[in-house]
Structure formats: structure tokens, C-alpha cells
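Asks: The listed protein sequences derive, respectively, from chains A and B. Note that this note's numbering gives residue 18 to position 18 of the first sequence, counting from 1, and the numbers run on in steps of one. Note that this note's numbering gives residue 591 to position 591 of the second sequence, counting from 1, and the numbers run on in steps of one.
Hints are not guaranteed to be accurate.
Since the list gives no way to pick out one identical chain from another, each pair is judged satisfied if it fits inside one copy or across any two copies.
What the hints assert, rightly or not - Derived DSS-like pairs: lysine-lysine, alpha-carbon spacing no greater than 27 Å straight-line:
id : residue 1 : residue 2
1  : Lys57     : Lys506
2  : Lys87     : Lys641
3  : Lys550    : Lys57
4  : Lys137    : Lys197
5  : Lys197    : Lys338
6  : Lys246    : Lys58
7  : Lys641    : Lys482
8  : Lys661    : Lys226
9  : Lys40     : Lys99
10 : Lys226    : Lys659
11 : Lys641    : Lys338
12 : Lys217    : Lys645
13 : Lys197    : Lys512
14 : Lys246    : Lys661
Bear in mind the hints are in silico, worked out from the structure with no lab data behind them.
2 protein chains.
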Amino acid sequence: MVLERLKQMAAQLTGQLPTPHPLDPLSSSEIREAVEIVRKEHNDVFFNAVTLWEPRKKQMMAWLASPDTAKRPHRVADIVAIGRGSKVFDGTVDLEDKKILTWELTEGVQPLKVVRTDPQVIEQCGIVGIPPEDMHKVYCDPWTIGYDERFGSNVRLQQALMYYRPHPDDSQYTYPLDFCPIFNADTQEIIHIDIPKVRRQLNQAPPSNFHGEAIQKEIGLRTDVKPIEISQPQGVSFNLDGRTLKWQNWSVHVGFNYREGIVLSNISFNDRGNVRPIFYRMSLAEMHPHQRKHAFDLGEYGAGYMTNSLTLGCDCKGAIHYMDADFVNRVGDAQTIKNAICIHEEDAGILFKHTDFRDESCTVTRGRKLIISQIFTAANYEYCVYWMFMQDGTIQLEIKLTGILNTYALNPGESAAPWGTEVYPGVNAHNHQHLFCLRLDPNIDGPNNTIFQADAVRGDGEVGSAENYYGNAFYAKKTALKTPATAMSDYDGNTSRTWDMANTSKINPYSKKPVSYKLVSREVPPLLPKEGSLVWKRAGFARHAVHVTKYMDDQIHPAGRHVPQTSGEPSQGIPAWISEEPEANLEQEDVVSWTTPEDYPIMPAEPMTVLLRPRNFFTQNPCMDVPPSYSTTPTQMAAGKGGIKGVVDSVSRLAFDDKTKGGSNDCCGK
Amino acid sequence: MVLERLKQMAAQLTGQLPTPHPLDPLSSSEIREAVEIVRKEHNDVFFNAVTLWEPRKKQMMAWLASPDTAKRPHRVADIVAIGRGSKVFDGTVDLEDKKILTWELTEGVQPLKVVRTDPQVIEQCGIVGIPPEDMHKVYCDPWTIGYDERFGSNVRLQQALMYYRPHPDDSQYTYPLDFCPIFNADTQEIIHIDIPKVRRQLNQAPPSNFHGEAIQKEIGLRTDVKPIEISQPQGVSFNLDGRTLKWQNWSVHVGFNYREGIVLSNISFNDRGNVRPIFYRMSLAEMHPHQRKHAFDLGEYGAGYMTNSLTLGCDCKGAIHYMDADFVNRVGDAQTIKNAICIHEEDAGILFKHTDFRDESCTVTRGRKLIISQIFTAANYEYCVYWMFMQDGTIQLEIKLTGILNTYALNPGESAAPWGTEVYPGVNAHNHQHLFCLRLDPNIDGPNNTIFQADAVRGDGEVGSAENYYGNAFYAKKTALKTPATAMSDYDGNTSRTWDMANTSKINPYSKKPVSYKLVSREVPPLLPKEGSLVWKRAGFARHAVHVTKYMDDQIHPAGRHVPQTSGEPSQGIPAWISEEPEANLEQEDVVSWTTPEDYPIMPAEPMTVLLRPRNFFTQNPCMDVPPSYSTTPTQMAAGKGGIKGVVDSVSRLAFDDKTKGGSNDCCGK
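Using the sequences and the hints given, assemble the complete structure.
Replies: Rendered as C-alpha cells:
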């Protein structure tokens, strides 16, 4: 790594920008450079996306192993552009050779047009009770539906979910309209309006608003919430080398792109001096019903799925590090969303505690977690995505859903049950699932891994038998997922099913079992839409809780690269990759696992969580050396001597007597 | 309530102690008083427990409704005492009438005796490699086994799990011994030693220690963990009226007893001025394999299951309020565990956020949670129990398991698989389940409730049909649990099963559905020990994820009052109560639900969580009035005016640039 560091230092001394890590997102200047290169040959295109084309894994792994001698992967831009006649192009541009590598025509697509002036829309608004002079109170949220059999197989479509606002500051979700214009994205024309058989008039209920000004007026804001202050006056425990984040033995490259948001790569753990790889790459590769083809959702309102610019003290609390995100805009300029990614650490409560009841010798240690997060808005919803790292080697993904429920119109006296719930007069919230696809590329002590399904099963032998005298024997039964066709696994609550991503050529010397990471994902009911339904076809990745495929460089997007283009027949993405080679060997191969948990936004939903935990990975607890708050031994207790005070917290106080401080002799190390 | 408050104030003015709330634990002086009353008639007993005998619910509900006019329940003590000939007595004492109400003889039980001097034990130690001169290095953890068919039905038993320590400060769990002495608790004699067929010699591996001094010597403690400071300089948002805790519309009476630990009663939520009851009582009523009959585990080592005395800044961080817990000791004195219960609030991240993509008008509000917690030690394990209350009406119970795994001896070369894992040379950790029984007495807008099983099921109708055109219809199917015999319900992952505790005579005016609280408990695989096994018999409460019974005042302990006395034939506790009246009506009755989640301590376990969420309970989000960090409307964005800054956090900083403060104009309310 020495030569690499010298190059970086030289660049800094000469004022050059440091060389990007091969997985770093494209910078603003690289984005502009890519645009310039494209324009030399195609000067009449608009740009939907200019993003990092990730290096091929084989070349990347070679460079990671020997950054000073292996060939450094070139910086290449992945382009989505729109040309004359609404044609869409997919291209790649080598930024070092300064040339276009590939340039292909794809199906046409166009941004969403304003509906307020369309005569048919005005007519429908009148039918539901909105006069023409009130069209300025009509709003719409654009949604990509992509394919609808009624309009032919090659017509790109978007739909406009329609709403009304009595006042510009009123929440439109109280006033959903019952009809739905559909656009031909190529010609920018409304080609159809879906009109229901049963018409529903504009809701007459008073507005139900959530913003601070409205609440202040209606009921007043609470005055009894006392502030909590969180700070790290000696600085934070993490540091960054470019975009490579290091914290408590973890090393993670923090990437980002417009489709997946945060991408975490080259994740390793320093196990007492031995740097062990764990995951090559992990990301939230897909979501439903919010298919993440951002390029096709860039409308005149800006990016359809916006990652938020996070705010210090509001979105994020404590000692915070931000990373910006650079994107292209339509006309080829680079634009930056500041503070797109938040990195911070939090107190995680008790990491370890034990008291010997005989003499009260005791060790208590507090833990920490590191959180890499973003928030993005998808029309009415907000998704808060938290990637968390723990000192014990655990990784946790948590997704919190907030914002506003999807709403539909309801007539007075009409029942929303059983398919929905009337959450406010005239407002129906339908039952639906939110699906996420977590793409995990394991690298457990090396790239060749096997994924096992692990079930807790009862031992054979009846109660009283020799092999199961007490009748309480059970064990973890492991089933290797050997081929793509058979590696489709669902959650089974009866067996507390989990999945092990293992390296069977690395055996834990104590347990004699392969080193592995266990995937715990319990919020995975079966996909409720039935086989043959549109959701089933298009969200093929969601038919099972876990799929496993062999690693292929371009298989990143489990519903396909350009999702809206697909009818789902045949299903793109995972189902297609599986059918390409259903009998491929997945044992001790470079494999990728796709896991699909879900979330119900019927009521304010609990956060959805997926856990990755080391199993047989370490030979001992990897965080024994975190300094304890205090620790006493039996010998010290017998001698009446105090023990170790590893961390003294003199800031904690009693709630109603702030003279008593934490960490004092009265409180610890007795 | 006026007369009640005047009485309290008068008591304080005259220096009298305030009158306890009827659910308050007995104070030290009440404990001493109860002992005195008992001694007048029984002067030769030792005391195992003197605790609150909870008022009968009917009388309690009447008093809660009219504290100024209804008869105040008397303070009554529940006694467990041991008399001559090792007889055990259960009694109750009225502290106001100053007399014994009941006094009954129960089966005998005695504390555990030291094993180090028993000749048979010394002999066995010699066999496994411990010479007689090293008996001072032998330790044991006592466990109540209660019943073993080999020794007759009336003999009270305990077993001693045996360990060795090369040095007093070494962790004994590295050196489990392979034999197990069994005591007759009545006669204090070792009556038998369980000796396995295959002997296992004392482990020769070096010690594996977790305490700070050892780690410091062996590998050194980390120096890169920078402090995090958490404080509430303006005080906390909760307040206490005696033991009644009020916070963010919640009101909770915080009780405690030696068996269940924290008991939360009379839980209500102030819904815009309307104080609505939700739960009458909730507690962790039982655990397995740590049956919670503390009285029988009081040995010469002190309380078998000790709740820890928590330390400020170590166990608990921030602005902390503690409550002590008073117990009786053997000789009838009251003793206090200081700081047994911790109450504090924490920042809970984002409560709500929405951004309108059109103009970036935005509202972001941070949330809080209130945590009532305790930590107790059960031999090698520690359980951290956290009862959490959220501003949106959610209640969450989280249990974190820490301490040391149960360990068993293993010979060199012997495999621990499949029933266990070799976690260190010579150390086997068996697979087993930890079961908890959460007793919930719902009071959803009143005592008469119905408990429903709720399953997410697909709609009828095939894809393309009129009733299910898109094939994605689904709904929540509710099944009422009508009688004890049929109210045994298990978790079904396929339907994301939850349970609704509802009041069908109170209908939500918008959704038209009964107000309810939803129980979400997903960590409930079936009980792995087989039908007929000892665990199956004794932990009858665990045979199903949820049981429902009709409320009966004395049905608190789901495995029976004196657990070790039972062989499990017939099974005490829940199975017995169900069989008493299997066809009792449970619809719109005063019912109690018993839910049994589990935890696997094979590896450091993830915390186990049970959630209670309002469903159709509120007519709108109950925390809209929490002040936002900031909130802007479309009108304000158009005018370029800032919006509301409800909470200004000027303490948050950038990690690597501490000049930029949170809450500044650069950061919020743009």
C-alpha cells in the first residue's frame, strides 16, 4: 500500500485532487468530463444519469489484493441519455482513455407532463366536484407503471395519481381523486384516463394537516419535551481515508449511486491483526412498488426518488460526518445533493455484563454502534435507511418508513374493508406490501462461499429414549443451496430459519464448523400477490425470501436494468438469471444472495430489520477489549480494593438531583 | 382526586410518610411490621419472602375510578417463611388491621449447602483430576430442579452445577465438571450424584477470562473509543407522583416484586384530554429454565436471582432516575437493593418526516422513548429487561441476554455437534431455548376485551377475476379466541400473524373497527422439547405462543405459585387453569393473555422483542403535536420565509469541524 499512499500524498502536495478509489462515485468534474466526451459524438442528447460503472469484480479483487502492482481499474461512467425522438441510450465512457466504450439505443421514455391543462382531466375534475377555475388546486404524483397490456407492448407509460388541495399548504392526501390519467411517455400525451365504475366525489372532510404551523394553530405544540444533548467533545471514534471508513476493527468503502443509494463495499474486520474480508458488496438493490429506475422518474419535478439533504441537529444528532452525492442533470451539468449520507456513532447500551453472585465482583461494558444512513423521498413516502455496524461483528440493516400513507377516495358510507382501512373520513388506505431486495455479495474469508439454509429441528428419538431421554434435544440442520433452481428459500417460523453464508474451506478450530455469517430476516411472509399477477411477474425477486445466484458483474438489479420496460413476461432480473443456468454450481463459488423482507405501512410501521451475525467466524468474542465502565475481580473484592475503571462518565446525572455524577466512587467499582 | 391529594399534603406537612399507592411494593418499615405481626404467633420461622399481596382487581378498579370515595384496599403482605423441621409456610398479613389473615403449611424446602466438604463430591473431583487439596478451587452454581421421579414425589431437590477455577479470578465456565450432586433440600444432604457414563477429565486448556484486568494484560484495552456525552441540562420530561410515572401522555404505576421484577400497572394514555386505560397490568411472569420462585433459591449465597444495583454512567447513561427495591432477609430484617429500577428517556431518532418533492417544503420531527429497566443475574446469565414507551402509543418489551453461556465438559477430540457447539477447547455450549412468559392484562378502553388472532391472507378470486383483478388483494382475517380450550395460538410466519386485544363495544369512528392494541411477537418458534418431556410438562405456558384465560386474581404465575414442587403432572399454572374451565367465555370479558417468546443463547443473542401497538385505537396520529425540528409549508417556501423551528439543537456538531453547529440557519428551515 506504500506506493499508493505516496501517490496520494504527491497529489495533495501538488494540489491535484487525490486519485479516487475505484469504487468512489463519480465526482462533479468526472460527471462533466463524461458529458463532454459524449457530446463530441452525440450533441443532441439530454442526460438522465451519469454514474459510476463499477469495475469488474475480477479486476477489482486483484487490485485490492495488490494496489501497488496490479492494474488499477479505469474510471468509467455509466450513462443514460435521451436523444431526438425520445430515444433512450445506454452508454459507457472511459474517463481515462477519454472515449465512448459502448452506446446502445434502448426503448423510449420521457418525463411526466403537467396534467392541469388537459381537457379530459379538467372534465373528470368537474365530474368529481372540482370546477375548472380550481385546476390550480389539482396536483399529481407521477408513478412509473411501465407496462399495461391494453396499450401494446412497446409503449412506455406513467400514471398520475391525482390529488386536490383546498389551500396550497393542505395535505393533498386527504383529497385523492378517483380517476387516473395514463401517459404515453414517448409522445408526452395522455392516452387514457382510468375511470372507476363507481365514482367518488371530492372528499368534503376538513383538511388534516401535519405541518408544524397547522398543529400549532389547532392544538398547540407540546411544551414538556426537555432537550437531550448528545456530543463527543474529544471527537469521534471513526476516521475516513477518502471514502474508506474505519471504526472499531471495521473497514468499509462507502459508495453511492442514484439507483441503490448507499453501496457498501470491501467490508472487512481486523481480527487481532488479521484483516478478514466479510462482504464484497451490499446494497438495497431494488424496492417495490417503488422500482428504482430513477432515470425514468426524472420528470419536470426533478428526481423522482430524491435522497434528502440531511440537516445537522434535525435529521442527525450528535457528532456527524456527512458525504455529498453528485448527479447529472438533464442538460449535462453536475449537481450536488449536500449531506446525502450521514455517518455517526451512537451509544448502544450494555455490550456485556456479568456479576458473580457470590462476591459481587462484576464487569460491565457499554457498547457502540456505527450508523451509515440516508433518507429518500418516494412521492408520499419517506424511507430512512440505516446500515449499522456493531463491535461484535454484527451488521444490521434497518429501514424505517415514514411520510404519508398512499390514499384513495372513498364515498360517504362506503366501507374500506376488507382491502383497506378508512383512516379519516373519505380517505382509504389500501393494504399493500412494501418489498425490498437486499443484495449481499459475501466474501467470507474469501470469494468462494456456500449458502446454507439453517433450521432448528427436534432430535429424533422419543421422550425417554436413549438418544433423547429428556425429549429436549434439538440441533441446527443445514441444507446447502446448491443450484440457482433449488436455491429459492422461504422463511419458516416453525424452525426459526436463518441462512448461513459460509466458507467451507475455512473451519473454526474450536467448533470445527465452517466460518460463516448468519442472515436473520424474520419479516418475510410469502409474497401476497398471487402467481400470475402483475406484481408477481414484475417483482420476481420477491417470490421467495432468499435467492442465490452465481456472481456475474452486471447482475446488480434484481428486477432488471430498465424495470418499467418489462411486462414481467418473461420476468426480468432474478427469474431470468436463474433460468439462464438453473443448474450452475453454487457450492464454494462466488455467489450472491438476494433477500427480500417486507413491510406493511397500514399503520405507522415498525422498522424493518435484517441482521448479519458472525457464526463460527471468531474464535473468541471480538470485543472483549472494549474498555469496561468498571471491572472487579474476586481477589479485588476480597481485598476491598477497587478494580478497573475503563471509561468514566462524569456527565450522567440523577434526573432530580444533578449533584450526583456518574462514574463517582459512590456509583462504580464498589 | 382532590381529597387524596389533600391527605398526601397533610401527611407531608406533619412529617408522616405519604400513604402508599395500593400497588406500591412494601416499604422497609412495612416489611418489618409484617415480620413483627407474624412473630407474635410464629416466633421460630425464617423468612424467605415478604412482598405485596396485590389487591383484588374488583376492589382496585373501584378505587381507581373513585379514589376519594371508594374503600381503599388495605396494605397486605404476602409471606413465605420456613419453620421448624424445614416446613414452608405461605401466609398473608393485613398491615392495617395488624393481623394474620392466612397461614398455610406448604411442602418443605431449604437453601443449598456447600459441596466442598462432602466426601462423595471430593471423590468425584479426584476422578476427574482435582486432588483433595484443591477443593477450595471447586465452585458450584445452585439450580432448582424441583422434581425428579427417581427420588419420590415429595422430596424437594436442588442440583449443584460444578466448576473449577485454577485461580479465584479465572472464569469457572471454562472448567465445568462432568458430575452433578443433587440435594434433598429438606435434610440438606447430598442424596445422589449424577455421574455420566462417559467421564470427562478436567479441561486442561488455559483460562479464558473476560474481566478487565485479564484483558488488559493479555491484549490491552482499546484506546480509540472516544467518549459520548448524553445529558439533559434542563431536566427530564417525565415526573413521578409517588410511583406513578407520567411522560408524554402516558401514566404508569411502576411496581416491583422479587418474582416478576418490574410490574407495570394502571397504564393509560391521555388522548387529547381523555384519559384512556390500556393495560391494567403487565409483567414478565415466568421464565424457563430459570423458574422464578426466588424463595426457593435463597441459599447461603444470597438471593438466587438477584436484581442488580444499577450504576450511574455504567449501567445507565444520561439523566437517570432510580427506584430502590426492598426485600426481607432470612432473619426478618428488611434489606434494600439500591437503584434496582432505572427510569430514563432517550432520543429515538426520526419520529416523522415528509418532504414535498415539488418545492422541498418539509417537516422533520425527532422522537423520544421512555425506558423502565432492570438487570438481574441468574447464575451465569444476566438478563437486561427494558420496558419502553413511545410517543405514538407503542409499548415495547426488549430483553437482552448477556453474561456467560451455560457450559458443559467435553473430552479432547469429542464432538459437541449436533446438540451443542465447542466454543473453546474442552467447553461445550448446549443448544437450548430460553422461554419467557409475558402476562398482559388488557384494559383497552375498559376491562371487557376480546382477543383476536389476526392473519394476513390473500383475497379469494384468481388473477383477472372481478374481485381480484390484479391478484394482489389481501386482508387481515380476524379469529376471536373464544374459550380457554380454543384460545391457544401459535405464530404463523406465512400470515405474519399478530394478536389484537380489542374492545368490540368501542368502535373507531373512522375505520369502523374496534379499538385495539396489536401484539407483535415474531420470535416464537414452537417449543422444541417434545410432548411428554419434562420441559413440556413444567413449562406448560410455553406450549403455545399465546394463551388466553379469564381474569382470576390469583392467576399470576403461569407455571404455578411454587414451581419446583411440581412434577408437571398435572401441569400447574396455565394448563391447569385452562382445564378448570375450558369452555369459559372469553369474548368481551376481563381476560388475560400470556405470550411466550424465546431466545437462543447459542451465540451472543440478538435482543428479544415484543411489541404492543395501537390499532384503530386513535382517530389520528397521537404525536402530531411533538414539536418539529423544523417545518416549512409550500407557502413559506414560495415566499422565501423560514418556517417553524420547534426544537433547536445547537449541541450537534460536524465530526471533523466543530465550528458548524446544529440548528443554525445553514442547516435547518431552508
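Asks: For Lys197 vs Lys512, is the C-alpha pair at or below 27 Å within one copy, between two copies, both, or neither?
Replies: between (66 Å within a copy, 24 Å between copies)
Asks: With identical chains treated as interchangeable, where does the CA-CA distance between Lys57 and Lys506 reach 27 Å or less: within a copy, between copies, both, or neither?
Replies: The answer is within: 22 Å in one copy meets 27 Å, while 60 Å across copies does not.
Asks: Check Lys550 against Lys57 for me: Cα-Cα at most 27 Å, and say if that holds within a copy, between copies, both or neither.
Replies: within (13 Å within a copy, 62 Å between copies)
Asks: With identical chains, the pair Lys137 and Lys197 could be close in the same copy or across copies; at 27 Å between alpha carbons, which is it: within, between, both, or neither?
Replies: within (25 Å within a copy, 84 Å between copies)
Asks: Up to 27 Å between alpha-carbons, please classify Lys246 paired with Lys58: within, between, both or neither.
Replies: Result: close within a single copy only, 24 Å intra versus 60 Å inter.
Asks: With identical chains, the pair Lys226 and Lys659 could be close in the same copy or across copies; at 27 Å between alpha carbons, which is it: within, between, both, or neither?
Replies: both (19 Å within a copy, 24 Å between copies)
Asks: Go through the copies and call it for Lys661 and Lys226: within, between, both or neither, with a Cα cutoff of 27 Å.
Replies: both (20 Å within a copy, 19 Å between copies)
Asks: Should Lys40 paired with Lys99 be assigned to within, between, both, or neither, using CA atoms and 27 Å as the limit?
Replies: within (10 Å within a copy, 101 Å between copies)
Asks: How would you classify Lys246 and Lys661 at a CA-CA limit of 27 Å: within, between, both, or neither?
Replies: For Lys246 and Lys661, only the inter-copy Cα distance (24 Å) is at most 27 Å; the intra-copy one is 32 Å.
Asks: Is it within, between, both or neither when you check Lys641 against Lys482 at 27 Å Cα-Cα?
Replies: neither (58 Å within a copy, 61 Å between copies)
Asks: Using 27 Å as the alpha carbon limit, work out where Lys87 and Lys641 are close: within a copy, between copies, both or neither.
Replies: neither (79 Å within a copy, 41 Å between copies)
Asks: What label fits Lys217 with Lys645 when the C-alpha limit is 27 Å: within, between, both, or neither?
Replies: Classified as between: cross-chain Cα gap 15 Å, same-chain 51 Å, threshold 27 Å.
The earlier numbered hints that this structure contradicts are 2, 5, 7.
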